[in-house]
Amino acid sequence: MRFSAALLLVLAACATAPEAPPGGPAPPTPDAAPPPVSRSENVAVAGLMESARADVAAGKLSTAAASIERALRIEPRNPRLWQELARVRLQQGQHVQAEEVAKRSSSFAGSDNALRAENWRLIAQAREALGDADGARAARESAEKLSLR
Amino acid sequence: MWQRKKILRTAGIAFLVLLAGAGAFTLYLDHRVRTEFEGRRFALPARIYARPLELHAGLRLALPDLEDELRELGYKALIEKPDPTREAEGGWYVRSGERLDVGLRAFVFWDGPQPARQLRLAFDGGSVSALTDTEGREVALARVEPLPIGGIYPAGNEDRVLVRLAEVPPHLVKALIATEDRTYFTHAGFSLRSMGRAALSVGSSRMQGGSTITQQLVKNFFLTPERTLRRKLTELVMAVLLEAHYGKEEILETYLNEIYLGQDRDRAIHGVGLAAQYYFGKEVQHLTIAESALLVALVKGPAVYDPHRHPARALERRNLVLRETREQNAITMDQYAAARAAELGVSRKPGFGTSPYPAFLSVVHRQLRRDYDEADLRSEGLRIFTTLDPRAQAAAERALTRRLAQFDKDKRFGAPGLEGAVVITDPQSGEIQALVGGRDPRYRGYNRAVDATRPVGSLLKPAIYLTALADPARYTLVTPVDDGPFVWKSRGAPDWEPENYDKKFHGMVPLRTALANSYNAASARLGTDLGVEKVLATAKKLGVEREVKPFASTLLGAVELSPLEVAQMYQTIASGGFRSPLRAIREVTTQEGKPLQRYALAVEQAFPPEPMYLLTAALQGVVREGTGQGLKAFLPPELGVAGKTGTTDEQRDAWFAGFTGDRLGVVWVGYDDNRAARLSGSAAALPVWGDMMAALAPEPLALEKPERIETVWIDPQSGLRGVSCPGALELPFVQGSAPRDMAPCASPVDGAVEAVGQTIEKAKNWFERLFSR
Numbered sequence: 393m394r395f396s397a398a399l400l401l402v403l404a405a406c407a408t409a410p411e412a413p414p415g416g417p418a419p420p421t422p423d424a425a426p427p428p429v430s431r432s433e434n435v436a437v438a439g440l441m442e443s444a445r446a447d448v449a450a451g452k453l454s455t456a457a458a459s460i461e462r463a464l465r466i467e468p469r470n471p472r473l474w475q476e477l478a479r480v481r482l483q484q485g486q487h488v489q490a491e492e493v494a495k496r497s498s499s500f501a502g503s504d505n506a507l508r509a510e511n512w513r514l515i516a517q518a519r520e521a522l523g524d525a526d527g528a529r530a531a532r533e534s535a536e537k538l539s540l541r
Numbered sequence: 005m006w007q008r009k010k011i012l013r014t015a016g017i018a019f020l021v022l023l024a025g026a027g028a029f030t031l032y033l034d035h036r037v038r039t040e041f042e043g044r045r046f047a048l049p050a051r052i053y054a055r056p057l058e059l060h061a062g063l064r065l066a067l068p069d070l071e072d073e074l075r076e077l078g079y080k081a082l083i084e085k086p087d088p089t090r091e092a093e094g095g096w097y098v099r100s101g102e103r104l105d106v107g108l109r110a111f112v113f114w115d116g117p118q119p120a121r122q123l124r125l126a127f128d129g130g131s132v133s134a135l136t137d138t139e140g141r142e143v144a145l146a147r148v149e150p151l152p153i154g155g156i157y158p159a160g161n162e163d164r165v166l167v168r169l170a171e172v173p174p175h176l177v178k179a180l181i182a183t184e185d186r187t188y189f190t191h192a193g194f195s196l197r198s199m200g201r202a203a204l205s206v207g208s209s210r211m212q213g214g215s216t217i218t219q220q221l222v223k224n225f226f227l228t229p230e231r232t233l234r235r236k237l238t239e240l241v242m243a244v245l246l247e248a249h250y251g252k253e254e255i256l257e258t259y260l261n262e263i264y265l266g267q268d269r270d271r272a273i274h275g276v277g278l279a280a281q282y283y284f285g286k287e288v289q290h291l292t293i294a295e296s297a298l299l300v301a302l303v304k305g306p307a308v309y310d311p312h313r314h315p316a317r318a319l320e321r322r323n324l325v326l327r328e329t330r331e332q333n334a335i336t337m338d339q340y341a342a343a344r345a346a347e348l349g350v351s352r353k354p355g356f357g358t359s360p361y362p363a364f365l366s367v368v369h370r371q372l373r374r375d376y377d378e379a380d381l382r383s384e385g386l387r388i389f390t391t392l393d394p395r396a397q398a399a400a401e402r403a404l405t406r407r408l409a410q411f412d413k414d415k416r417f418g419a420p421g422l423e424g425a426v427v428i429t430d431p432q433s434g435e436i437q438a439l440v441g442g443r444d445p446r447y448r449g450y451n452r453a454v455d456a457t458r459p460v461g462s463l464l465k466p467a468i469y470l471t472a473l474a475d476p477a478r479y480t481l482v483t484p485v486d487d488g489p490f491v492w493k494s495r496g497a498p499d500w501e502p503e504n505y506d507k508k509f510h511g512m513v514p515l516r517t518a519l520a521n522s523y524n525a526a527s528a529r530l531g532t533d534l535g536v537e538k539v540l541a542t543a544k545k546l547g548v549e550r551e552v553k554p555f556a557s558t559l560l561g562a563v564e565l566s567p568l569e570v571a572q573m574y575q576t577i578a579s580g581g582f583r584s585p586l587r588a589i590r591e592v593t594t595q596e597g598k599p600l601q602r603y604a605l606a607v608e609q610a611f612p613p614e615p616m617y618l619l620t621a622a623l624q625g626v627v628r629e630g631t632g633q634g635l636k637a638f639l640p641p642e643l644g645v646a647g648k649t650g651t652t653d654e655q656r657d658a659w660f661a662g663f664t665g666d667r668l669g670v671v672w673v674g675y676d677d678n679r680a681a682r683l684s685g686s687a688a689a690l691p692v693w694g695d696m697m698a699a700l701a702p703e704p705l706a707l708e709k710p711e712r713i714e715t716v717w718i719d720p721q722s723g724l725r726g727v728s729c730p731g732a733l734e735l736p737f738v739q740g741s742a743p744r745d746m747a748p749c750a751s752p753v754d755g756a757v758e759a760v761g762q763t764i765e766k767a768k769n770w771f772e773r774l775f776s777r
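Protein chains in written order, with this note's numbering: chain A, 393 to 541; chain B, 5 to 777.
In isolation and in its complexed conformation, chain A is listed as follows:
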C-alpha cells in the first residue's frame, strides 16, 4: 500500500506513465482487476450448491440449507453462498433469518452491486412476509438504486 502511494507520488509529479520497477509488483491495471466474486472455482463448493439446488427443487429445504452450510465452511466469505442460504431461509418461512443472512451476503459483496441489489430484493420479500410494508418498500428502493449504479 505504502509502495503504491509512493508510485502515485511519482505519477503526480511527472504526470507521465511510470515504468514498473523491475521485479516489483505491477501497478493495478483495469484488465488485471480481480475477477468478480461470482461462481466458485472450487468443485467441492460447486457440487454442494448443485445438490442444494436439487434439494430445493425437491422441496427438501432443510437438506438444502445443510449443503449450503457445508459449502460455507469451505468458503465462508463467498457472498453467493450466503445469498443462496437467504433464499432457502425465505422458502423455509424463516423470514427474519432470510433478511439477516442476506445482509451477511452483502457484507461480503464488495462492489458487486447486482448481487447486493438481489439481496435487497430478498430482504423486501422477507419484510413483506412479515407484514412490514414500509420496510419492504425501502428495501426495494435500495435495490433499484443499486441496479442503476
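No lab work stands behind these hints: they were computed from the structure. Check each hint, because a few of them may be wrong.
Chain B regions said to be covered by chain A (calculated; three or more residues, Cβ under 8 Å) [unchecked claim]: (1) 118-125; (2) 441-449; (3) 608-615.
Beta-carbon label-pair distances, calculated as ranges [claimed, not checked]: (4) A:ALA446 with B:GLU642: 36 to 42 Å; (5) A:ARG445 with B:PRO554: 46 to 52 Å; (6) B:ASP653 with A:GLU433: 49 to 55 Å; (7) A:LEU540 with B:ASP653: 38 to 44 Å; (8) A:ARG469 with B:THR39: 57 to 63 Å; (9) A:GLY527 with B:ARG45: 49 to 55 Å; (10) A:ALA446 with B:ASP412: 25 to 31 Å; (11) A:GLU433 with B:GLU629: 34 to 40 Å; (12) A:ARG445 with B:ASN678: 43 to 49 Å; (13) A:GLU433 with B:ARG141: 41 to 47 Å; (14) A:GLY527 with B:PRO484: 36 to 42 Å.
All C-beta atoms in this analysis are idealised placements derived from N, C-alpha and C, irrespective of residue type, glycine included.
Add chain B to chain A, keeping to what the hints say.
Frame of chain A, contents of chain B only:
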C-alpha cells in the same frame, strides 16, 4: 393313632399350602420374566461425534495432520494396499511421498449413508492439490467418518454396541459354549451335571462356575448380586421359565449383548459388539479365533484377566479357552495352533472413559438438555454430530498444558498449580471447535471454560471504543483522548481513580493508541464521557447476556464472565458485527440414522459494518504495536491478527482474546483460589494463544472493507493528513470523518497525490462493477 393321623393331615395341608405358595411364586416369576425380558430394551447411550473432515482439492491440510486424524480413527498405516477384503472394508491408508491412498470406511452420516470408498490424495505444501478415485477421476468432495468423542451414558455408565447373533463369528459362539456352558443347546435352563461338577471342583485349580448361560443372564438381568440359597433357587426357576418361553438363539443373542467385559475408567464395557471395538478396534464380525477366545476369557472376570493390566494372566486364560474349544472339536488342530501362537493383539490406545473431551462434552450435553429428555439421551442411542475439530482441540490442550507447566516451574508458587481454560471457535459460523476446561484436559470435573466466571479486565474495553467509533462525527481512530489522571465521583461510593498498568499517565493520545496500549485512565474517561449505560448496551449487543452492574468500574472489566461468554462477545467482532450464537452441535439423528434435528447456522446483524471495521483495525493495532506485540514471536505479522489482552487487579487473571481469518480464540490463565498469579495477559495468556494458533497455521485476517470506509494516510505525530510524513499510517475512516487539515510535515503535493489516488480507486471500482455484471 389319632395323633398320627392329625400330624399327617396337618403336614398334608402344609404341603398343599407350600405347593400353592410355590405355584404362586412361580407364576409371579413367570410374569416378571416375560414382561421384563420382552419389555427389556438395552439402554443405548447417545453417541457423540466430532466434525467430519471434508476432503476436497484446495483444502488447507498438511499430510501429517491427515495421517494423525486417520490414526486417531483407528486407520492402519500400510506399506501397500491390503488384500481385497480389507481393501473394500476401508480403515487403512498408504502414504507414498506426497501422495496418500486411503480406504475410507462406510459410515451413516446424518444425511444418509456413505459407502466405503477408496481415494487418492495429492498434497502440495500445506494443502490438498488433487482428490481422485483409484481410476484417476476427480472427486469433488468426500467426508471422512467423524471421530467418536464419547457418549451420554445410562446409569452405571453402561456402554454397548448392539449386535445380531448372525453378525457374531461362529468361532466366538463355539468358544463361549465350550467354556461357559457345554450343554447349552440341549439343557432346559440348568444343568445338573455342571452343578455337580461345580460342587466337586471347589478348591481345584480348574474351578467351574456351574451356572448355565441362561442362569448367568437371569442373574445379570433380574437379580441382585447377593449369594443366598433362596436367590440361587429363584435364579434356577427363572432360567427354566426363560427357556420355556424363548428360543436358544434369542437368549444367546441377549447374553452376548448383556455380558460385562471390561471397564474403561468410568465406562462399563458391555456386550461383544463394544468389546470388539474397545479391545481390538474392529467390528465383531471381523474378530479372529484368538481375539474371540480372549473375549470369552474375560467373561469370568474382566478385572482379573484385564489384557492391558495383566497380559500374562489374560494370555493364560485365553489359551485355556482355546484348549476347551479344541477339546470340543469346535476348531481344527491347525486353527488351535495358530490361535495359541497369536499375540493378545489388544490395541495399545488407552481408553478415555466416557469421553476424551469432557469439557466439550459437557457443553454438548447442556445444549442437548434444552431439547431432549435426559432419559432419552441416556437410552435411545441418539447420534449427535458436533462441531469439535480434533486438531484444534489437540493444539489448544497441548499449548495450555505445556505453558502452565512452564509458568509453574518459573514461579514456584506451589500447589495447587496455575489453571487455565481455552475456547476456539469459527468466527464466521460460531461453531465451537475446541474447549479446554483446565490443565488436565481429561479431568471430568470443574469446567473452567464454562463454569469459571472471572473478572475480564481490559477485555471489555472494545465495547467502549466501539461505542465511540459508532459516532464518527465525534470519534475516529485518531481523535485525541485524554490519558491524564482521572477521578470518578459518585454518591455513596468511594472515588474511583483508575491507574495505568505502567503507573504513568500519558496525556493526550490518539484513540487507537489508548486501546493498543490499554490505557485505563483514557478508557475510563472515554467510557464515562459516552455513558456507562451506553457502553454496557454495546456489550450486551456484542453478546454479553449476563446482567452487568452499571458502575463506572465495570468499564475496566470489573465484570465476571466465563471464557465461553468472552468468546461469544469477540465472535460478534470477528464476524464484522454479525452475532451468531455459539454452537457445539450440528445434527441429531436416531440410532438408525433418521434425522431428528439440525442446529442451523443463524446470524443477526448487531452493528453496522463501519464501526466494526474501525474497531477491528484498532484491535489489529493492539497486536501490531500495543500490548499484544508479543505475538510476533509466534505468528508472522502479515496475518494481521486482531486481539486484546486482559489483566485484572494484582494479576489474578490473565486473558487473551483474538482472531485470525479462520479462528477465534480465548485463553484464560489464573489460580482457582484467586491468588495473585503475577502474570499479565500478555505474559501468560498470550503465549498459550500464540502456541496454539501457530500449530494451526491460521489464515490471514482479511477484512471486507465496507463501502462507506475510506483510507487516509495519517501523520502519527499530529494525527493529521500527510502521506510523506515519517512513519505515516494508512488508516480507515468513515467517509467524511477523516481529518481535513494537512500535517506540518506533509509535502505540498500530498493533496494532489491523494486526489489522484482517489481517482484511481474510483476507476478501479467502476471497472470492477463493469466486470461483475
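(message) Three residues or more, CB to CB closer than 8 Å: is that satisfied between the region 608-615 of chain B and chain A?
(response) holds (count 3)
(message) Given the hint of 43 to 49 Å, is the C-beta distance from ARG445 of chain A to ASN678 of chain B inside that range or not?
(response) violated (56 Å)
(request) Examine the region 441-449 of chain B for residues whose CB is less than 8 Å from any CB of chain A, and state whether their number is three or more. (result) Not satisfied, violated; 0 residues make the cut.
(message) Just to be sure I understand the hint, the distance between the Cβ atoms of ALA446 of chain A and GLU642 of chain B should be within 36 to 42 Å; is that true here?
(response) holds (41 Å)
(request) Go ahead and decide if the range 36 to 42 Å is satisfied by the Cβ distance of GLY527 of chain A to PRO484 of chain B. (result) holds (40 Å)
(request) Please test the hint of 38 to 44 Å on the beta carbon pair from LEU540 of chain A and ASP653 of chain B. (result) violated (57 Å)
(request) Verify the coverage statement for the region 118-125 of chain B against chain A, using a C-beta to C-beta distance below 8 Å and requiring 3 or more qualifying residues. (result) Result for this restraint: violated, n = 0.
(request) Just tell me: holds or violated, for the beta carbon distance of GLY527 of chain A and ARG45 of chain B against 49 to 55 Å? (result) Roughly 52 Å apart at Cβ, these two residues keep to the hinted range, so it holds.
(request) Go ahead and decide if the range 34 to 40 Å is satisfied by the Cβ distance of GLU433 of chain A to GLU629 of chain B. (result) holds (36 Å)
(message) Within 57 to 63 Å: is that where the Cβ-Cβ distance between ARG469 of chain A and THR39 of chain B falls?
(response) holds (60 Å)
(request) Note whether the CB distance of ARG445 of chain A and PRO554 of chain B lies within 46 to 52 Å or breaks it. (result) Holds - the Cβ-Cβ distance for ARG445 of chain A and PRO554 of chain B, about 50 Å, lies within 46 to 52 Å.
(request) Could you say whether the range 41 to 47 Å given as a hint is met by the Cβ separation of GLU433 of chain A and ARG141 of chain B? (result) violated (19 Å)
The earlier numbered hints that this structure contradicts are 1, 2, 7, 10, 12 and 13.
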